[in-house]
Amino acid sequence: MTVAKQAIETDHLNHGIPFDASVFENININKSAVERRAATLPARRTVKKNWQAAWLLKAVTCIDLTTLAGDDTKGNVTRLCAKAKNPIRKDILEALGMENSGITVGGVCVYHNLIPFAKEALQGSNLPIVAVSTGFPAGNNSFEDKISEIKHSVAAGAKEIDIVISRDLVLENRWEELYHEISEFKKACGDAHMKSILATGEIPTYTKVYKASMVAMMAGSDFIKTSTGKESVNATLAVSLVMCRAIRDYFEMTGTKVGFKPAGGIQKAKQATDWLILIKEELGDEWLNGNMFRIGASSLLGDIERQLEHHVTGAYSAGFRHPMQ
Amino acid sequence: MTYGPAPENASEAYKFLDKFEKKFPLFINGEWQKSDSEVFIKTFNPSDNSELAEISTGSPKDVDDAVKAAKNALKPWVALGGHGRAKYLYAIARQIQKHSRLFAILESLDNGKPVRETRDIDIPLVARHFYHHAGWASLMETELPDYQEVGVIGQIIPWNFPMLMLSWKIAPALAMGNTVVLKPAEFTSLTALLFADICKNVGLPNGVINIVTGDGKTGAEIVNHPGVDKIAFTGSTEVGKIIRKSIAGSGKKLSLELGGKSPFIVFEDADLDSVVEGIVDAIWFNQGQVCCAGSRLLVQESVAEKLYSKIKKRMEKLRMGNSLDKCIDIGAVVDQTQWNTIDGYVKKGIEEGNQIWQPTWECPKGGQFYPPTLFTDVPAASIIAQEEIFGPVLVAMTFRHHKEAVSLANNTRYGLAASIWTENINLALDIAPQIKAGTVWINSSNVFDAASGFGGYRESGFGREGGKEGLFEYVKPKVEKDFLENAPKVKISKTKTAFNPSGIDKTAKHYIGGKQVRPDSGYSINITSPWGDYIGEMPEGTRKDIRNAVEAAAGSTSWGSMTGHARAQVLYFIAENLSSRAKEFAEKIALMTGQTLNDAEKEVEVSIQRIFNYAAYADKYDGQVHSTTSKNVTLAMPEALGILGIVCPDENPLLGFISLLLPALAMGNNVVIVPSEKHPFSATDFYQILETSDVPAGAVNIITGRKEELASEMAKHFNIDGLWYFGSKEGSEKVEALATESMKRTWVNYGKHRNWLDSKHGFGEIFLRNATQIKNIWIPYGA
Chain A
126 MTVAKQAIET
136 DHLNHGIPFD
146 ASVFENININ
156 KSAVERRAAT
166 LPARRTVKKN
176 WQAAWLLKAV
186 TCIDLTTLAG
196 DDTKGNVTRL
206 CAKAKNPIRK
216 DILEALGMEN
226 SGITVGGVCV
236 YHNLIPFAKE
246 ALQGSNLPIV
256 AVSTGFPAGN
266 NSFEDKISEI
276 KHSVAAGAKE
286 IDIVISRDLV
296 LENRWEELYH
306 EISEFKKACG
316 DAHMKSILAT
326 GEIPTYTKVY
336 KASMVAMMAG
346 SDFIKTSTGK
356 ESVNATLAVS
366 LVMCRAIRDY
376 FEMTGTKVGF
386 KPAGGIQKAK
396 QATDWLILIK
406 EELGDEWLNG
416 NMFRIGASSL
426 LGDIERQLEH
436 HVTGAYSAGF
446 RHPMQ
Chain B
320 MTYGPAPENA
330 SEAYKFLDKF
340 EKKFPLFING
350 EWQKSDSEVF
360 IKTFNPSDNS
370 ELAEISTGSP
380 KDVDDAVKAA
390 KNALKPWVAL
400 GGHGRAKYLY
410 AIARQIQKHS
420 RLFAILESLD
430 NGKPVRETRD
440 IDIPLVARHF
450 YHHAGWASLM
460 ETELPDYQEV
470 GVIGQIIPWN
480 FPMLMLSWKI
490 APALAMGNTV
500 VLKPAEFTSL
510 TALLFADICK
520 NVGLPNGVIN
530 IVTGDGKTGA
540 EIVNHPGVDK
550 IAFTGSTEVG
560 KIIRKSIAGS
570 GKKLSLELGG
580 KSPFIVFEDA
590 DLDSVVEGIV
600 DAIWFNQGQV
610 CCAGSRLLVQ
620 ESVAEKLYSK
630 IKKRMEKLRM
640 GNSLDKCIDI
650 GAVVDQTQWN
660 TIDGYVKKGI
670 EEGNQIWQPT
680 WECPKGGQFY
690 PPTLFTDVPA
700 ASIIAQEEIF
710 GPVLVAMTFR
720 HHKEAVSLAN
730 NTRYGLAASI
740 WTENINLALD
750 IAPQIKAGTV
760 WINSSNVFDA
770 ASGFGGYRES
780 GFGREGGKEG
790 LFEYVKPKVE
800 KDFLENAPKV
810 KISKTKTAFN
820 PSGIDKTAKH
830 YIGGKQVRPD
840 SGYSINITSP
850 WGDYIGEMPE
860 GTRKDIRNAV
870 EAAAGSTSWG
880 SMTGHARAQV
890 LYFIAENLSS
900 RAKEFAEKIA
910 LMTGQTLNDA
920 EKEVEVSIQR
930 IFNYAAYADK
940 YDGQVHSTTS
950 KNVTLAMPEA
960 LGILGIVCPD
970 ENPLLGFISL
980 LLPALAMGNN
990 VVIVPSEKHP
1000 FSATDFYQIL
1010 ETSDVPAGAV
1020 NIITGRKEEL
1030 ASEMAKHFNI
1040 DGLWYFGSKE
1050 GSEKVEALAT
1060 ESMKRTWVNY
1070 GKHRNWLDSK
1080 HGFGEIFLRN
1090 ATQIKNIWIP
1100 YGA
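Top line first, the protein sequences correspond to chains A and B.
What the first sequence shows, in our numbering, is residues 126 to 450, in sequence order.
What the second sequence shows, in our numbering, is residues 320 to 1102, in sequence order.
Calculated directly from the structure, the hints in this document are not laboratory data.
Treat the hints loosely; a few may be bogus.
[Said to hold, decoys possible] Using C-beta positions, here's what the derived DEER-type ranges look like:
id: 1; chain 1: B; residue 1: I675; chain 2: A; residue 2: L296; range: 16 to 26 Å
id: 2; chain 1: B; residue 1: K564; chain 2: A; residue 2: E411; range: 18 to 28 Å
id: 3; chain 1: B; residue 1: Q416; chain 2: A; residue 2: F144; range: 50 to 60 Å
id: 4; chain 1: B; residue 1: Q416; chain 2: A; residue 2: D216; range: 35 to 45 Å
id: 5; chain 1: B; residue 1: I702; chain 2: A; residue 2: L296; range: 45 to 55 Å
id: 6; chain 1: B; residue 1: N368; chain 2: A; residue 2: L296; range: 38 to 48 Å
id: 7; chain 1: A; residue 1: D145; chain 2: B; residue 2: Q753; range: 32 to 42 Å
Glycine included, every Cβ here is placed at the ideal spot set by N, Cα and C.
Just need the whole structure built from these sequences, with the hints factored in.
This is how it looks when you write it as structure tokens:
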């Protein structure tokens, strides 16, 4: 059982390409067929026993451990960061023979004003701080404010910026404006990775999801991300399938690999493996790591930890047995 | 990051085999009964070639026992009534759900198909089928009040969907009050035997279901047993033809669900990534051993290369392995013989110079594994583009535009299913009716449901399974028992009707392509009255006249493309024009048949009424929207057969002719009709009515002559889609036998007579049903 030790690479940034509507304007996504594929995919693939444990450990390394609440304080963010550095109880890792693997989650995701606390708590680790930005979650503040928010977050120590796109530009098919908006965000990010949140729960069709994905990648997004977690419908396998196919098309066109981040509603270990299966099947093993794939989640880690304990002991676990985040 | 093994535990399935000490008897009359043959067939797990069990080879005596048991069970089973039968069907459905995993695993072991498929597709559909038909049992008296059971049904099913095909056969048969002798396929009998076991659990009355395992000989015993009233067969076209020939003229009802070479049509605006998954569902479902597999990929030239490359990438990711592994897409093919057949075709495909592509991974060892295979740019003339391979082999070719797509799609002897991929609903719904196939899936493939009828056009067989349309395979009209052994007696008039008072010679001709034409032979046949007087000549039609008539019918598309309303107007006009010449027609009938003028006038009057009634039906026999899977509109459309041959009875020269011609026309068929041989002149006078009633040329073609000879010619003709024959018992047999090769739909009277004046005999929906076949079009939707 091996989990590739991950180091954050900085050399696979997506530099984007000039806007070209012809890349996506004739695309049509068939919803029924996409949903059929998404529904049958977890039934076609499964992992059991040692493989399941390995896949779950892999999932841990892909989590952006997240708190995005109005009542976030230094206290709970500090606790979250401690959990991010040591996501799995030590005795479980020992039983799995993984005690020296240095397993951590993929990143810690907070609002801008919590960055300094996270930075302090994460000192001595390679864990990136992810800051949501550009007027998250609705993105309805001024463009200038959005740019300055990004810059401030980068200056405060965020290594990854999760921006939200302007949904009105998608609804009104103003693709070139969307491209320019995201391009400017990317410039503001500098060396920080940029993840573009499409908020797919507010995009009415899969065809538009595909187009928005493509525009976001053309404009230099290093990741595309499904949701803020605040829409009424968050990450689904079907919408992820559409976005992954867009990522594949972009890669075939440019040779650049863009990462993918589903977020919102992924709470169970089984869901995490479903998404890993989706990534493996639709994008390939090269995407199966924390550099190319993240899951934005707050409660998922707890369930994975319980499942891993079950794997080790053969008895179903309980939440209170694992340190809180 | 690899997947690792994820095997299903098969211990419960092996326990079931052990319960019978791996040596299965037959299930007859509610009991496990030792076969009298003492010959056993070994059945293997195709994933590892291990022996699973032995099954009995049903002997002639075993089959006879089973048929007798079914016969004895019939009366009380019918007497239970719809609700009584529904309770049993419901119990069976429940039992299948309660033991679903056992069925799924045993099926997967025996057949080699992935347990994902048996668990998620086959067995749930089996339960669904029994539920659905429990409902039809309840509703039979309300929904089919004029129909009754057929009797003892012999059913022979294939190895590719052992349980699903069992349910498709048994559920409707039982619902409609029939009893059953079923022979599972010799490679895959185990789940049928498990099914017999649960029939015992639900206390199904003895003899209602009998399971007789065995080989082709056992099947032949069932087919030819005189106590069997109907045969339902699913399997190869080759065996289907043998069955049809061997029961020709026996009066046994027959439904055949046979082979296919179904087109999978991809237009340039399709969602290509979804198309790829559709292809996986179409040809790599059940190792491609699916009669309706989308095995011929037709792709628009503009996107062909792009699609081929996507398919190849996807093929690399397919996983193959032991059928019980929950993490595979493709299992083993059923048997070494099937593996060899597939390999033979693939080798032929290579020899023919076609481009072959297979994934780089290697098949597992030790079982019947055949790699998924793609041939690209295959010409239509290639053997692999024409023959059913029944394996994981996709044959691709390109088309330029939609017209060529339709031509290529229909360039096959088969007609089971088709799949059409486009994001343009206008295009999809234009193409779907043009494809000669019983099922058309838009932007999907291999979707099934009990509420939708499944079955073929052309050499893919006839009859439907599922939906209301499927029930008619398992019922017969109650009125059939009133049909007469002899034609109704004509009351001969005491006074002779005057012959040709004008004194001008009248020449009857054939009517072909809207023109009156002399017979190719140059011969005529004298026609005399019952008093022995000469009354005229009819042209002696030959095979060449039939050929010309069929060509005229084939070349005329206007009638079939008219709306129901437009056809109705023409039919009403025919009635109007006949009515204004009613007296003349009545006199001719009286002269030919010798009946009183009064009776002849009555025949004309009923004829006019009948024309009205079919004109009324022209825009009202209009299909259904089936309640199938969610987010899916399933349209069941009755489509004209195409070219319909009709051989009229001798009696009632006008009314017999009208009663058969009109329903065929109302449904939009082009007709080649042979009128009464004895009294042909009502029909030859009738073409003047047709000419004055705006009937398009080629829609009706009338050939007079020797009916048996002409019937044989029509039965053999490959471009006639259906043939109705009303004549002798021997003639009926001949028509059924000769129609085998072309697989045309036949409807014959086995020498029985109808009283055409009685609307219960001579009119009704059954005529329309025989003039049409149901096409189910599946249209998934989602914004």
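Now the hints, each set against the structure:
1. Taking 16 to 26 Å as the suggested C-beta distance range, the pair I675/B and L296/A does not conform, at roughly 47 Å.
2. Here the CB-CB span from K564/B to E411/A is close to 60 Å, at odds with the stated 18 to 28 Å.
3. Our hint of 50 to 60 Å for Q416/B and F144/A holds, since their Cβ atoms are close to 55 Å apart.
4. Checked against the hint of 35 to 45 Å, the C-beta distance between Q416/B and D216/A comes to roughly 43 Å, which is consistent with it.
5. Taking the beta carbon of each, I702/B and L296/A are about 53 Å apart, inside 45 to 55 Å as hinted.
6. About 59 Å separates the C-beta atoms of N368/B and L296/A, a value inconsistent with the hinted range of 38 to 48 Å.
7. As the Cβ distance of D145/A to Q753/B is approximately 37 Å, the hint placing it in 32 to 42 Å holds.
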